[in-house]
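Following the hints, complete the assembly by docking chain Z onto the known chain W.
Which chain is which? The protein sequence lines are W and Z, in order. For the first sequence, the residue numbers in my numbering are 74 to 292. For the second sequence, the residue numbers in my numbering are 74 to 292.
In short, the hints are calculated from the structure, not lab data. The reader is advised that the hints may include incorrect statements.
Note that the list lumps identical chains together, so a pair holds whenever it fits in one copy or between two copies.
As the list claims (entries may be wrong) - Cross-link-like lysine to any residue pairs, in silico, SDA-like; alpha carbons within 20 Å at most: (1) Lys223 <-> Leu157; (2) Lys163 <-> Leu84; (3) Lys99 <-> Ala128; (4) Lys125 <-> Arg264; (5) Lys163 <-> Lys208; (6) Lys99 <-> Asp240; (7) Lys223 <-> Ile90; (8) Lys208 <-> Arg253; (9) Lys223 <-> Ala141; (10) Lys223 <-> Ala151; (11) Lys223 <-> Gln185; (12) Lys163 <-> Val83; (13) Lys208 <-> Asp281; (14) Lys251 <-> Ala144; (15) Lys163 <-> Asn87; (16) Lys208 <-> Gly183; (17) Lys99 <-> Leu181; (18) Lys163 <-> Glu200; (19) Lys251 <-> Ala141; (20) Lys251 <-> Ser290; (21) Lys85 <-> Gly164.
Number of protein chains: 2
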Amino acid sequence: MVEIKVLQNVLKANDAIAAENRKRFKETGVYVIDLMSSPGAGKTTLLEQTAKRLAGEIPFGVIEGDLATAADAERVAAHGVPVLQINTGKGCHLDANQIHNALQHFDLEGLQLLFIENVGNLVCPAEFDLGQQTKVLILSTPEGDDKPEKYPVMFQQCPTLVINKIDLLPYVPFDLDKVRALVRKIQPEGRILELSCSTGEGMDAWIDFLRDQVSRSVR
Amino acid sequence: MVEIKVLQNVLKANDAIAAENRKRFKETGVYVIDLMSSPGAGKTTLLEQTAKRLAGEIPFGVIEGDLATAADAERVAAHGVPVLQINTGKGCHLDANQIHNALQHFDLEGLQLLFIENVGNLVCPAEFDLGQQTKVLILSTPEGDDKPEKYPVMFQQCPTLVINKIDLLPYVPFDLDKVRALVRKIQPEGRILELSCSTGEGMDAWIDFLRDQVSRSVR
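So here's chain W without its partners, still in its complex pose (with noise of 0.2 Å):
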């Protein structure tokens, strides 16, 4: 009982400083998302995919998450972007706090969008609130069709999935049929994007997706 205790007291203290972040992107005018995954989905892929295609358009920053290394992070700033790494050591997901300090050296100013990437694992990082405006989960084909039913908590916290690395699919089991109907069970008013950052099949519709969600906040 006493771990249950400590950890509602640690949600409840990350909660008040996610809502301090809240205020803060939201007096910046920035739209945020929290991007989750299992470890080599495809969220650094994704991230530079989406500069690629986002250059010039709409200026965004990337908040990176890891155990270890700034590989992420250069990998991102290799296009330009304005990034900043956050080594968490043992830590297997992002808190708000982490991202709370982070914003003392991370410059929002003229930023339109900002990723935050949390550390690779489909448990952890659901639940902890950082502040975001959304969630988005990137599932890849090769990790299997039965995930949304074993990682339940995960795909309930992320109204967006995205289903990466579908160029794999003729040579991976997985079906897509059985995990959109998986998904609609969990999220029914929920939205999935189908794609490859490998192929660029389906990056359109995740590019409008971006700017529709930045355009609405904007207003």
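This is chain Z only, laid out in the frame that chain W set:
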């Protein structure tokens, strides 16, 4: 600081129960492997393929850890393997107490080998001792070749790495030599097994590894 203290207490309590589990496993003469990976790297599929190959030779059982569903247990049980499913709810890893409780309902008698399939997570399960003899990590090629650097704790904890889905190498960006070199740095004495559960390539070496571990443990 409070959080760190709590985590240390939790780990200490966990280790005491893990020691009890380890004693129990030794007395029963069963060799226990904690099998870990990201979601969808192929833990359950590897166990299914192992069941096909070890049938009638080495009697083994499986304890499954998942947030939700008994889907993995059903897949393994279909191969005639005794299996027990633990549902962790929101829990991001198995702990020694869950295994301790599971053993009240799981007959080890006559088994020579027990797999504990942990929750799909490349972070949190790493440091929780369950009482196993060894830890095996699966990395699948679609996850990318940067994982040893980005999830160092998990790679440090596992003396044996299975690189799965090598049949997908022609279709995904994954530099096998790079991963071998990274892992050699983290685990100079470690073992790397490269295989495909789909095509069966490399499965013989995995089965030989299991035979060897079990026969050493019986001696």
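Checklist entry - For which of the previously enumerated hints does the structure constitute a violation, in increasing order of number? => result 3, 4, 6, 7, 11, 16, 20
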